[in-house]
Amino acid sequence: MELKGKVWRYGDNIDTDIIIAARYLNTFDPQELAKHCMFDLDESFARNVQAGDIMVGGKNFGCGSSREHAPVAIKACGVPVVIAASFARIFYRNGINIGLPLLEIGDDVEKIKAEDVLEVDTGTGEIRNLTTGDVFHAHPLPGFVQEIAQAGGLINYIKNK
Amino acid sequence: MGMNMSEKILARHAGLAEVEAGQLVICNLDVVLANDVTGPPSIKEFEKIGRPVFDNAKIALVPDHFQPAKDIKSAELAKIMRDFAHKHQIKHYFEQGRVGIEHVILPEKGIVGPGMLTIGADSHTCTYGAVNGFSTGVGTTDLAVAMATGKAWFKVPEAIKVELTGKKPADITGKDVILTLIGMIGVDGALYKSLEFAGEGVKELSMTDRLTIANMAIEAGAKNGIFPFDEVTKEYVEGRVEQPYEPVAPDADAKYVQTVNINLSELTPVVAFPHLPGNTKRVASLKEPVGIDQVVIGSCTNGRLEDLRIAAEVFKGHKVHEHVRCIVIPGSQWVYQQAMHEGLLDIFIDAGAVVSCPTCGPCLGGYMGILAAGEKCVSTTNRNFLGRMGEKTSEVYLAGPQTAAASAILGRIAEPKEVA
Numbered sequence: 001m002e003l004k005g006k007v008w009r010y011g012d013n014i015d016t017d018i019i020i021a022a023r024y025l026n027t028f029d030p031q032e033l034a035k036h037c038m039f040d041l042d043e044s045f046a047r048n049v050q051a052g053d054i055m056v057g058g059k060n061f062g063c064g065s066s067r068e069h070a071p072v073a074i075k076a077c078g079v080p081v082v083i084a085a086s087f088a089r090i091f092y093r094n095g096i097n098i099g100l101p102l103l104e105i106g107d108d109v110e111k112i113k114a115e116d117v118l119e120v121d122t123g124t125g126e127i128r129n130l131t132t133g134d135v136f137h138a139h140p141l142p143g144f145v146q147e148i149a150q151a152g153g154l155i156n157y158i159k160n161k
Numbered sequence: 162m163g164m165n166m167s168e169k170i171l172a173r174h175a176g177l178a179e180v181e182a183g184q185l186v187i188c189n190l191d192v193v194l195a196n197d198v199t200g201p202p203s204i205k206e207f208e209k210i211g212r213p214v215f216d217n218a219k220i221a222l223v224p225d226h227f228q229p230a231k232d233i234k235s236a237e238l239a240k241i242m243r244d245f246a247h248k249h250q251i252k253h254y255f256e257q258g259r260v261g262i263e264h265v266i267l268p269e270k271g272i273v274g275p276g277m278l279t280i281g282a283d284s285h286t287c288t289y290g291a292v293n294g295f296s297t298g299v300g301t302t303d304l305a306v307a308m309a310t311g312k313a314w315f316k317v318p319e320a321i322k323v324e325l326t327g328k329k330p331a332d333i334t335g336k337d338v339i340l341t342l343i344g345m346i347g348v349d350g351a352l353y354k355s356l357e358f359a360g361e362g363v364k365e366l367s368m369t370d371r372l373t374i375a376n377m378a379i380e381a382g383a384k385n386g387i388f389p390f391d392e393v394t395k396e397y398v399e400g401r402v403e404q405p406y407e408p409v410a411p412d413a414d415a416k417y418v419q420t421v422n423i424n425l426s427e428l429t430p431v432v433a434f435p436h437l438p439g440n441t442k443r444v445a446s447l448k449e450p451v452g453i454d455q456v457v458i459g460s461c462t463n464g465r466l467e468d469l470r471i472a473a474e475v476f477k478g479h480k481v482h483e484h485v486r487c488i489v490i491p492g493s494q495w496v497y498q499q500a501m502h503e504g505l506l507d508i509f510i511d512a513g514a515v516v517s518c519p520t521c522g523p524c525l526g527g528y529m530g531i532l533a534a535g536e537k538c539v540s541t542t543n544r545n546f547l548g549r550m551g552e553k554t555s556e557v558y559l560a561g562p563q564t565a566a567a568s569a570i571l572g573r574i575a576e577p578k579e580v581a
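If you read the sequences in order, they're chains A and B.
First residue of the first sequence? That's 1 in our numbering, and the numbers climb one at a time after it.
First residue of the second sequence? That's 162 in our numbering, and the numbers climb one at a time after it.
Be a bit skeptical, because a hint or two may be false.
To be verified - Chain B is faced by these chain A residues, among others (derived, beta-carbon under 10 angstroms):
no.: 1; residue: K6
no.: 2; residue: R9
no.: 3; residue: D12
no.: 4; residue: N13
no.: 5; residue: L25
no.: 6; residue: T27
no.: 7; residue: D40
no.: 8; residue: S44
no.: 9; residue: R47
no.: 10; residue: N60
no.: 11; residue: A88
no.: 12; residue: Y92
no.: 13; residue: L130
no.: 14; residue: G133
If you are wondering where the hints come from, they were derived from the structure by calculation, not from laboratory data.
Owing to the predicted nature of the structure, the values given are computational and were not obtained by experimental measurement.
For each residue, glycine too, the CB sits at the ideal point set by N, CA and C.
Using the sequences and the accompanying hints, generate a full structural model.
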């Protein structure tokens, strides 16, 4: 999948309480969750994010709770892909399972700034920073995890089997 | 080549003679767990698959996060889970009055045990490594598929050996051990990896200490944390664990990518400053007094009977500081009742503390002790993230029950020995 979007840049250890605080977890409606995404850290995000914008974080993105509400909220904001130096493992699994591509690029993430425009091929993992001209390659997904991602998530994958 | 404890459990449940780090395996699950926040969306996904539950005796549904229902929406979540549990005759569904915090009651009721493989739609599912099981947190979709198939895929994790030595001082708890470890390796120090505890120091740790330590493995990014099976484990699980179980021990040549050494005799009470569980400081090293507004004693990390005994011992003959609210939350109905029989609840109430029914409540900023702007709370819970327990400028300081109780009495972060 080829994507192009503007960057919302966040730092290291973005936890799931920041992505969606527990006080909003009395519902699992994606559109309701989207309204409060990133609220405690960045009140402007949910208000101003545009469909197609790309979220970029540092190390250990999505640490903390297992709440799948977190990647669901990001996806419901219209963000089609998250790029980070590294992801916390439950968040990573959840992203794959709900069909939100997550690209891990290590220290290269330092070369992406807020408002940069990226072109991303989620199939090959190639990321082009159109603002700076840099090109990065994400670590590939292992084995059948690629099949889950291609099926659009785990439920479709299981149903198709 | 030798295998470590996590590899042995995963190999056994994948039907393989051996596995190694990095390998992808599909495993049969012994227990599948969800709570009132993660269960309802799992149930919705489960229904899309269109299959019956794989085994109604191996699913545990625990309404603990926002229950007894804090608002209408939370009541609706509980109802989705209750209706599902009744429809599918889920054996381990717990109604209010019989429920406790999930990671307190699953070990307590013997639903999880040695050598067993558990996944739960809650990140602190890693708690059951304390009883020599492999357990890890997953999201709602993994959980939905597990309820239908009884299986999950795993990437076999690399393992870090945590070698414990020395004698544990009397004023140190499991919480001081795990906060010290996270402070040493960082909140992503064990990312995607397993933490395997080893060494002569293990025997110094009670089952409560081990449950607290394994519970917070996730706060170092770990997939799981696991303890060896010894006399302490045996005493705890015998006559308690209902499924047949087979303990695991690491081979002498088991592979570890790193070894971390902790000498228990050198530990002193610690506290993790906002906003990461790895911001660990020794309480004795604090230069400026940190005044506090609230103390919470409870949670899946420190809501067990021994935790309450430790806190009560500090409170005996003292009052909660006049500017502090102290909230004590027994982790299960059994803990609640035992604490009552032992007179612990009298000690808390005499000291001027709130005593609540079991719930996760304030730990995740749900209810029962939300913080206002700028307020500071010493808490025996597991996370001190931005906005975790309330308004985004509030602050959470993580500590063990002895430090929390001393802080409640003195109105500032304090060591128990400061309470005369």
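Against the structure, the hints:
Restraint check, K6 of chain A versus chain B: the minimum CB separation of about 25 angstroms is more than 10 angstroms; hint violated. Using the Cβ-Cβ criterion of 10 angstroms, the hint placing R9 of chain A at the interface with chain B is not satisfied: the shortest such distance is roughly 17 angstroms. A hinted interface residue such as D12 of chain A counts as satisfied when its beta carbon comes closer than 10 angstroms to some beta carbon of chain B; here the least separation is about 8 angstroms, so the hint holds. A distance limit of 10 angstroms between C-beta atoms decides the matter here; for N13 of chain A the minimum to chain B is near 6 angstroms, and the interface restraint holds.
Of the supplied interface hints, the one on L25 of chain A holds, with its beta-carbon coming within about 5 angstroms of a beta-carbon of chain B, less than 10 angstroms. The restraint placing T27 of chain A at the interface with chain B holds, with a minimum CB-CB distance near 6 angstroms, inside the 10 angstroms limit. About 4 angstroms separates the beta-carbon of D40 of chain A from the nearest beta-carbon of chain B, less than 10 angstroms, and the hint is met. Nearest Cβ of chain B to the Cβ of S44 of chain A: about 14 angstroms, over the 10 angstroms cut. The hint is violated.
Interface hint status for R47 of chain A: violated, as the beta-carbon distance to the closest one in chain B is roughly 16 angstroms, over 10 angstroms. A distance limit of 10 angstroms between C-beta atoms decides the matter here; for N60 of chain A the minimum to chain B is near 4 angstroms, and the interface restraint holds. Residue-level restraint check for A88 of chain A holds (minimum Cβ-Cβ distance to chain B is 6 angstroms; threshold 10 angstroms). Satisfaction of the interface hint for Y92 of chain A is found here, the shortest Cβ-Cβ separation to chain B being roughly 8 angstroms, below the 10 angstroms cut-off.
At a threshold of 10 angstroms, the smallest CB-CB gap from L130 of chain A to chain B is about 30 angstroms, leaving the interface hint violated. A least Cβ separation of about 30 angstroms between G133 of chain A and chain B goes past the 10 angstroms threshold, and the interface hint is therefore violated.
In summary, the structure is inconsistent with hints 1, 2, 8, 9, 13 and 14 from the numbered list given earlier, while agreeing with the others.
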